[in-house]
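Generate the whole structure from the sequences, applying the supplied hints.
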Amino acid sequence: MHNTTRLNSFRKAVKAREFLVTAEVAPPKGGDPSHMLQMAQALKGRVHAVNITDGSRAVVRMSSFASSVILSQQGIEPICQVACRDRNRIGLEADLLGAHALGIHNILALTGDPVKAGDRTDAKSVFDLESVRLLQLIGKMNQGLDCDDKPLTDGATDLFVGAAVDPQCKSWSGLQSRFERKLAAGAQFFQSQLITDFDRLEKFMTQIAGGCNKPVLAGIFLLKSAKNAQFINRCVPGVNIPEHIIDRLAQAKEPLAEGVKIAAEQVQIARQLCDGVHMMAVKREDLIPQILDLAGIPPVVSYSLPSQVVSSLR
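Residues 1 to 314 in the working numbering are what the sequence shown lists, from first letter to last.
With a cut-off of at most 30 Å between alpha-carbon atoms, the simulated BS3-like pairs for lysine-lysine come out as follows:
#1 253 to 224
#2 224 to 116
#3 227 to 116
#4 140 to 214
#5 116 to 170
#6 283 to 12
#7 253 to 227
#8 170 to 227
#9 29 to 116
#10 44 to 261
#11 150 to 140
#12 44 to 12
#13 224 to 283
#14 261 to 227
#15 29 to 44
#16 224 to 170
#17 124 to 140
#18 170 to 124
#19 124 to 283
#20 203 to 261
#21 44 to 224
#22 12 to 214
#23 227 to 29
#24 203 to 214
#25 140 to 15
Between beta-carbon pairs, the in silico distance windows are:
#26 198 to 298: 21 to 27 Å
#27 211 to 45: 28 to 34 Å
#28 143 to 225: 44 to 50 Å
#29 235 to 210: 29 to 35 Å
#30 231 to 143: 43 to 49 Å
#31 154 to 293: 42 to 48 Å
#32 206 to 146: 37 to 43 Å
#33 45 to 184: 34 to 40 Å
If you're looking for bench data, these hints aren't it; they were derived computationally from the structure.
Yeah, the Cβ is synthetic: ideal placement off N, Cα and C, and Gly gets one too.
Below you can see the structure in the form of structure tokens.
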């Protein structure tokens with residue numbers, strides 16, 4: 001393998017305290033990554049990094065590690081999501097070592113959706129670790145140790161790891177405890193689940209996240225129609241899209257355009273409350289630049305990269 005040049009504009013943007021913009025793209029459900037690449041290419045220059053999901057909702061898709069390498073080969077900086085559901089600690093360590101070697105340094109540590117949420121309900125769950133212990137494991141690997149504190153004889157990793165947070169969690173004490181544990185375990189940034197209650201986000205930012213010195217990115221979701229919003233309320237735990245938003249979508253002549261406006265308004269609100277936004281526009285990632293334009297978010301300054309980043313294996 002040729003030497004790799006590290007993609008690190010996201011890490012630089014975090015350290016420079018820029019208003020951060022990330023977006024989520026799903027890996028392909030098959031062997032052809034062209035649609036994923038098309039969606040990710042539309043985000044170039046508008047986001048600091050692109051999140052690649054890892055078996056989201058327990059549905060089979062291409063490996064997040066492989067998908068992240070494919071993006072990095074095109075000069076698109078990935079944040080590789082890593083879920084604990086499908087791998088034991090041996091598999092997790094192996095994949096993380098490989099990610100480092102291939103120039104994939106941004107990791108989002110997740111517990112993972114339960115198998116029953118997906119379409120393979122007879123599959124076996126692993127959950128050898130959960131997100132806090134995965135954060136702790138990555139911290140050890142960055143210090144040159146494996147999970148049993150034995151030396152990684154061929155070198156430490158350099159992984160920039162973040163965690164998920166849900167400011168709309170019903171248990172305030174549970175939210176605070178979990179956030180503090182992730183912070184103590186080494187999370188360098190936080191991306192939230194989709195936000196609909198911005199009063200709750202403000203309370204979270206002032207009472208829990210205030211002073212933590214790590215950026216929190218609010219999850220902003222593009223709603224395509226009233227039916228889409230009702231489906232999310234029904235099927236996504238912990239989410240309650242307000243009736244007035246559903247009514248706006250139902251009454252709009254062009255529901256998708258109205259959804260773009262709503263998302264832009266939410267980006268503007270989030271900009272006043274936290275350190276960035278994490279954009280989710282399932283199958284319409286190409287509309288994210290339009291949302292950001294409407295919200296007055298300029299192109300990112302630290303995104304462009306001089307050359308192809310990850311060399312191919314030979």
